[in-house]
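Peer 1: Throw the hints in and build the complete structure from the sequences for me.
Listed in order, the protein sequences are those of chains F and C. Number 39 in numbering that gives the first Met the number 0 belongs to position 40 of the first sequence; there are no gaps in the numbering. Number 38 in numbering that gives the first Met the number 0 belongs to position 39 of the second sequence; there are no gaps in the numbering.
Source of the hints: derived by calculation from the structure; they are not laboratory data. You may find that some hints are simply not true.
[As the list claims (entries may be wrong)] Derived pair list, reagent style DSSO-like, types lysine-lysine, alpha-carbon separation capped at 27 angstroms: (1) C:LYS29 <-> F:LYS37; (2) F:LYS83 <-> C:LYS82; (3) F:LYS118 <-> C:LYS60.
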Amino acid sequence: MSEMDSISPQEIVRAYEKYKKDAVAGGYNINPDAEFTKGLISGLLVNQSRYGYPSCPCRLAMGNKQDDLDIICPCDYRDGDVVKYGACYCALYVSQAVLEGRQPVQSIPESRPPRAERKKQAARAVDLDWSKLPLPVWRCKVCGYLCARDGPPEVCPICKAKKDRFERFI
Amino acid sequence: MNIEHVQGKKAGKLMLYALSTCGHCRNTRKLLTDLGVEYDYLYVDLLQGQEKEQAIAMVEKWNPDCSFPTLVINDSKCIVGFKEADIKEALKL
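Peer 2: Here is the structure:
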């Protein structure tokens with residue numbers, strides 16, 4: 000039996016309802032195509048058990064959390080893609096226009112830089128010369144929330160992303 | 000490497016690189032199956048270590064983003080994403 004078939008229908012419905020509720024609470028929408036969306040949620044549940052974190056079902060995870068951090072759902076690219084294309088890469092999250100049937104969901108280009116480029120970006124981030132503010136500013140890479148404090152919060156108060164999804168912004 | 004073969008009518012050499020968890024990959028496989036064409040597919044996310052790296056290198060040759068689904072037609076054309084019209088056109092169906 001494949002991993003995708005090993006997830007029970009009850010488990011999928013439970014997760015689906017939770018994703019839907021959390022999305023609405025945060026001002027987001029999940030894809031109204033329930034059958035397609037449940038397929039994506041099965042993929043997220045498989046990735047959770049396979050890697051220990053729910054990485055994007057439509058992207059190849061390397062199984063190393065540090066390398067996959069930007070594609071743990073909700074990914075770092077969701078907000079930009081929903082604005083630009085009406086849906087995130089896997090199409091779990093959609094815009095209001097898609098929700099209301101005014102815009103179709105299409106296959107969208109990949110906003111995540113290729114592996115070689117990601118490595119270069121990570122190297123560059125370390126080289127930045129930080130300004131001399133009284134406190135550093137931290138940015139949630141999932142929703143853009145900013146806060147000035149010694150370190151990032153344990154959990155983003157806006158989107159609930161964990162501490163490791165924050166970057167030093169200023 | 001565990002490349003799966005699907006029987007059907009010949010519409011050229013079709014190699015689909017896909018992820019077992021992905022909705023767009025599932026839609027692409029469904030389209031090929033509904034069209035009744037013969038194709039091969041590989042679930043790259045089910046591979047480990049060296050085999051996974053080899054598969055990534057094969058996909059990157061056609062699609063540097065290494066995104067899925069990547070459909071390679073007759074070792075000469077590549078369609079990235081679930082693009083029903085493009086796939087039908089390329090297969091002349």
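Peer 1: A separate judgement is required for each hint: does it hold in the structure or not?
Peer 2: Tested hints:
1. C:LYS29 <-> F:LYS37: holds (16 angstroms)
2. F:LYS83 <-> C:LYS82: Measuring from Cα to Cα gives roughly 18 angstroms; hence the hint holds.
3. F:LYS118 <-> C:LYS60: holds (19 angstroms)
No hint from the list above goes unmet by this structure.
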